[in-house]
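> Here are the chains, one letter per residue:
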Amino acid sequence: MAAERRATVTWNGDLMSGSGTIDEVGSGAFGPLDVSWPARTEEASGGMTSPEELIAAAHATCFSMALSHGLAQAGTPPERLQTAARVAFVPGSGITKVALTVQGSVPGIDEEGFRAAADAAKANCPVSQALAGVPEITIDASLE
Amino acid sequence: MPRIVREASLAWEGSLSRGSGTATAGTGAFALPVDLPARVGDPGDKTSPEELLAAAHATCYGTSLAGEIARAGGTVEHLDVRCVITMDEVGDKGHLIVASDIDAKARATGIAQAGVDEAARVADESCPFSALICASASVSVRAELAS
Numbered sequence: 000m001a002a003e004r005r006a007t008v009t010w011n012g013d014l015m016s017g018s019g020t021i022d023e024v025g026s027g028a029f030g031p032l033d034v035s036w037p038a039r040t041e042e043a044s045g046g047m048t049s050p051e052e053l054i055a056a057a058h059a060t061c062f063s064m065a066l067s068h069g070l071a072q073a074g075t076p077p078e079r080l081q082t083a084a085r086v087a088f089v090p091g092s093g094i095t096k097v098a099l100t101v102q103g104s105v106p107g108i109d110e111e112g113f114r115a116a117a118d119a120a121k122a123n124c125p126v127s128q129a130l131a132g133v134p135e136i137t138i139d140a141s142l143e
Numbered sequence: 000m001p002r003i004v005r006e007a008s009l010a011w012e013g014s015l016s017r018g019s020g021t022a023t024a025g026t027g028a029f030a031l032p033v034d035l036p037a038r039v040g041d042p043g044d045k046t047s048p049e050e051l052l053a054a055a056h057a058t059c060y061g062t063s064l065a066g067e068i069a070r071a072g073g074t075v076e077h078l079d080v081r082c083v084i085t086m087d088e089v090g091d092k093g094h095l096i097v098a099s100d101i102d103a104k105a106r107a108t109g110i111a112q113a114g115v116d117e118a119a120r121v122a123d124e125s126c127p128f129s130a131l132i133c134a135s136a137s138v139s140v141r142a143e144l145a146s
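Here the protein sequences come in this chain order: A and B. Following numbering that gives the first Met the number 0, the numbering of the first sequence begins with 0 at its first residue and continues without gaps. Following numbering that gives the first Met the number 0, the numbering of the second sequence begins with 0 at its first residue and continues without gaps.
It cannot be assumed that every hint is accurate.
[Claimed, not checked] Calculated lysine-lysine pairs in the BS3-like style (CA-CA distance at most 25 angstroms, straight line):
(1) B:Lys-92 to A:Lys-121
(2) A:Lys-121 to B:Lys-45
(3) A:Lys-96 to A:Lys-121
No lab work stands behind these hints, which were simulated from the structure alone. In this text the structure is predicted, and so the values were computed from the model without any measurement.
Could you put together the complete structure from these sequences and hints?
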């Protein structure tokens, strides 16, 4: 069955001096969240989120679910996975890189097995497939 | 232009079907519980990767549309952008994100509906997220000039 998820955003004014708000999402889990072009494209975000940070959260979540599933199917379910996603954005060029790092607490698996499971999750999770156009997606996996 | 890096993390405990996690923004803008039932069934009050992508695409497209309307000579007062992301099971490929549909309403001066239509099309080409996801999912955009 298809799952639909929605979000609504309001933007006021022009790109450079205007600002926006992620007003609400279908689940009600977050919002309103402020966004602006300077906060998106300068080193200091001022605590504001951005499309790139939301993509990072989506990818870290999707990857972790896929890895949890793959490890369980191999008979070594994880106790805990700690994943970070870093999304690089170059204005004018787009999203140029996603770097995933994961540390796992997984009884009964060695480093090599964990890295192989992480590689498979990176290749197959739905968000990885949606982001297949990103020039570089990397994974660094290690056991705790 | 500078390379900007934004980070989020996810702490997951347990199996896929019974486990749960928390997605945390590097900026501190959000910390959100996630689990599988909320992703593939009734979301309840929990977010999901697809909802986070919907928020990302609505934001990314909205900023592009604001830029393109200005480039076409219009002045943006207010944009409302709604994005719906659809994930579906596709044959033997499992779950895939199959569509992202954008619906925008623009309150702007100095531009007619035809100009907004063209700005909406160009914004889809210039939006970094549209550019990525259009390779694997259908992307539709529609923008209407509101009075």
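> Indicate, hint by hint, whether the structure satisfies it.
For each hint, the structure was consulted:
A C-alpha spacing of about 15 angstroms is found between Lys-92 of chain B and Lys-121 of chain A, which places the hinted pair at or below 25 angstroms, so the restraint holds. Of the supplied pair hints, the one linking Lys-121 of chain A and Lys-45 of chain B holds, its CA atoms being roughly 23 angstroms apart against a limit of 25 angstroms. Taking the CA atoms of Lys-96 of chain A and Lys-121 of chain A, the gap is near 14 angstroms; set against the 25 angstroms cutoff, the hint holds.
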